[in-house]
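Please build the complete structure, drawing on both the sequences and the hints.
Under the working numbering, the residue at position 260 of the sequence shown is numbered 260, and the numbers go up by one with no gaps.
Errors might be hidden in some of the hints.
Distance windows between CB atoms, simulated [claimed, not checked]:
1. Ala129 with Asn76: 51 to 61 angstroms
2. Ala251 with Tyr111: 52 to 62 angstroms
3. Glu357 with Pro309: 23 to 33 angstroms
4. Val278 with Lys355: 30 to 40 angstroms
5. Glu357 with Gln79: 21 to 31 angstroms
6. Glu364 with Gly166: 18 to 28 angstroms
7. Ser47 with Ala263: 35 to 45 angstroms
8. Pro63 with Lys439: 14 to 24 angstroms
9. Ala129 with Leu341: 33 to 43 angstroms
Below, computed lysine to any residue pairings styled on SDA-like, alpha-carbon distance capped at 25 angstroms [stated by the list, open to error]:
10. Lys270 with Ser285
11. Lys358 with Phe304
12. Lys382 with Val278
13. Lys439 with Lys355
14. Lys270 with Gln281
15. Lys193 with Glu434
16. Lys270 with Thr390
17. Lys403 with Lys382
18. Lys193 with Asp406
19. Lys355 with Leu286
20. Lys336 with Met135
21. Lys359 with Tyr146
22. Lys240 with Leu280
23. Lys240 with Ser56
24. Lys240 with Leu230
Just so you know, the hints here were simulated from the structure itself, not pulled from any lab data. Using N, Cα and C, we set each Cβ at its ideal position, and we do this for glycine too.
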Amino acid sequence: MNFKRAILRKGTGRLTFMSAAVVAAVVAVSGCSTYDATQARRDHTESFTNDLARLSVELLARPLSLDECIRIAMTNNYQVRQADLRTELNRIGKNVAFTAFLPNVAGTAGYTSYAKQPNVMTERRFNSADLEIGMSIFMPSTWFLYAAARHGYATAATAAYYVRQGIVLQTTMDYCETLVAQETVAALETQLKAALENAERIEGLAGEGFFRPWEAEQARLLAETRQAELNHARRQLEVKRGELLVGLGLAPGTAVELSGEMAAPVSFDKTTEELVLVALQENPSLALSDRQVVIQEHRVREAFCAFLPTLSIFTSGTWTGNSLADHSANWISGLKGAWTLFDGLANVARYRAAKVEKKQAVFEREAAFLNVMIQVIAAEAKLRDATETTLIRERSYDVLAAKYDDYDARSREGLIPLSDALDARAAMDEAQVELLRSKYLERLASASLELAIGTTVVPGDK
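Here's what the structure looks like:
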């Protein structure tokens with residue numbers, strides 16, 4: 001017997017030496033390649049910028065409408081793509097949870113070789129194989145684990161849709177703000193041209209004694225003010241274009257043209273109370289809260305299963321190529337049972353914690369319920385405010401434009417001071433810019449109300 005053990009140790013020593021040699025070779029090969037952080041950053045920058053340039057050529061070949069921007073965002077926005085990956089991970093997790101209902105099959109095989117013949121009852125070389133099959137027949141926790149995973153997958157899909165609705169609103173906001181910035185630049189360019197012409201005229205008349213020097217300085221100051229505002233507006237335009245492009249998954253600073261085409265905003269002919277009721281049925285955040293409550297209910301049931309026994313069946317077979325063995329094949333089948341009698345009351349604590357987490361999910365759903373209600377009320381109020389503000393600013397611009405025309409004509413005749421006409425011109429220019437900024441307020445407020453209700457249309461919806 002001692003001789004046999006010595007032979008086995010000797011064989012094991014050879015295997016250990018071979019294993020060490022393989023490990024050493026792997027380490028040596030892997031050590032030849034080192035990570036160059038600078039080169040890795042350079043390679044990624046080059047690769048990513050090339051991809052962005054290719055996408056820009058494909059997607060920005062013509063002026064984009066709002067609907068086209070939204071369609072690009074639905075496939076290229078990184079938040080949308082991350083949401084899709086989370087959905088896919090939950091789908092895989094659901095499939096993994098389902099495997100608990102399937103039998104487990106494990107097999108092993110081996111080959112044994114002795115340096116010397118150990119004894120007459122053992123061959124010098126022989127092979128062996130094992131196969132074991134097991135399957136649970138009573139393990140209730142697996143049902144609740146699978147149910148929780150299935151609802152987790154549905155939750156991820158709903159969350160991904162909610163993300164898309166939010167991206168539709170964000171893209172609409174970026175698109176409208178870019179258009180406002182473009183029109184503001186165009187208006188300021190026109191205002192600057194008129195201010196420069198007016199300053200040159202007044203400076204010429206001041207040189208002839210018709211106006212005082214400070215009046216010429218006021219006219220020049222007005223022109224300089226318009227120039228500064230134009231420079232600021234141009235920089236803001238670049239920022240707004242960059243924000244829009246980032247939302248589309250493209251590089252900021254890329255040249256992009258917008259056609260300005262937008263579908264008519266959705267009209268809401270319901271009362272505030274009716275809109276709230278629609279939101280309580282349609283808003284995806286409430287659907288997410290409902291799913292979370294159901295998931296916690298399954299986890300409570302899963303925790304309760306710790307008090308129940310589990311049963312499983314198994315069968316295993318072994319084979320050997322040793323012809324000197326009594327049996328070359330053996331099969332064993334049986335029934336296994338397990339029941340945790342006492343684990344330090346940890347299962348009791350986990351069960352209580354699961355019940356508390358379920359109450360927490362219920363409270364979060366009720367808080368979400370109230371939050372949706374106030375979001376709809378606030379969004380509907382903003383829509384009404386935007387509508388009234390736009391009407392007032394239109395009237396304000398018309399009044400100030402008529403006032404400036406009157407003051408300009410009267411100042412040319414010397415009936416009123418030139419400074420009054422210049423002040424009237426400044427007020428009219430400011431009202432024009434404010435009108436441009438409020439031009440899309442109603443559109444944005446309408447889109448915000450759609451999101452609060454949960455009825456934002458995502459490309460691909462039927």
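Going through the hints against the structure:
Ala129 and Asn76 have their C-beta atoms about 53 angstroms apart, which keeps the hinted 51 to 61 angstroms range intact. Against the hinted window of 52 to 62 angstroms, the Cβ-Cβ separation of Ala251 and Tyr111 comes to about 59 angstroms, which satisfies the hint. Checked against the given bound of 23 to 33 angstroms, the beta carbons of Glu357 and Pro309, roughly 25 angstroms apart, stay inside it. At roughly 34 angstroms, the beta-carbon separation of Val278 and Lys355 lies within the given 30 to 40 angstroms, and the hint holds.
Between Glu357 and Gln79, the C-beta spacing of about 28 angstroms keeps the proposed range 21 to 31 angstroms intact. The hint said 18 to 28 angstroms for the Cβ distance between Glu364 and Gly166, and at roughly 19 angstroms that hint holds. At about 37 angstroms, the beta-carbon gap between Ser47 and Ala263 stays in the expected band of 35 to 45 angstroms. At roughly 19 angstroms, the beta carbons of Pro63 and Lys439 sit within the given window of 14 to 24 angstroms.
In this structure the supplied range 33 to 43 angstroms holds for Ala129 paired with Leu341, their Cβ-Cβ distance being about 37 angstroms. Taking the CA atoms of Lys270 and Ser285, the gap is about 22 angstroms. The hint holds against a cut of 25 angstroms. Distance restraint check for Lys358 and Phe304: the Cα-Cα separation of roughly 14 angstroms lies within the 25 angstroms cut-off, and the hinted pair is therefore satisfied. Taking the CA atoms of Lys382 and Val278, the gap is near 18 angstroms; set against the 25 angstroms cutoff, the hint holds.
Taking the CA atoms of Lys439 and Lys355, the gap is near 52 angstroms; set against the 25 angstroms cutoff, the hint is violated. Only pairs whose Cα atoms come within 25 angstroms are accepted, and Lys270 paired with Gln281 is accepted, the gap being roughly 15 angstroms. For the hint pairing Lys193 with Glu434, the CA-to-CA distance comes to about 19 angstroms; that is within 25 angstroms, so the pair holds. Between Lys270 and Thr390 the alpha-carbon distance is near 21 angstroms, which keeps this suggested pair within the 25 angstroms criterion.
For the hint linking Lys403 to Lys382, the alpha-carbon distance of about 31 angstroms lies beyond 25 angstroms, and the restraint is violated. At most 25 angstroms may separate the alpha-carbon atoms for a hinted pair to count; Lys193 and Asp406 meet this at roughly 20 angstroms. A C-alpha spacing of about 21 angstroms is found between Lys355 and Leu286, which places the hinted pair at or below 25 angstroms, so the restraint holds. In summary, the hint linking Lys336 to Met135 is supported, as the alpha carbons are separated by about 10 angstroms, within the 25 angstroms threshold.
Using a Cα cut-off of 25 angstroms, the hinted pair Lys359 and Tyr146 holds, with the two alpha carbons roughly 21 angstroms apart. Between Lys240 and Leu280, the direct Cα distance comes to roughly 34 angstroms. Violation of the 25 angstroms bound is thereby established for this hinted pair. Restraint check: the Cα-Cα separation between Lys240 and Ser56 comes to about 17 angstroms, which is no more than 25 angstroms; the hinted pair holds. Proximity of Lys240 to Leu230 is assessed by CA-CA distance (about 15 angstroms); at most 25 angstroms being required, the pair is judged to hold.
Violated hints, in rising order: 13, 17 and 22; the structure is consistent with all others.
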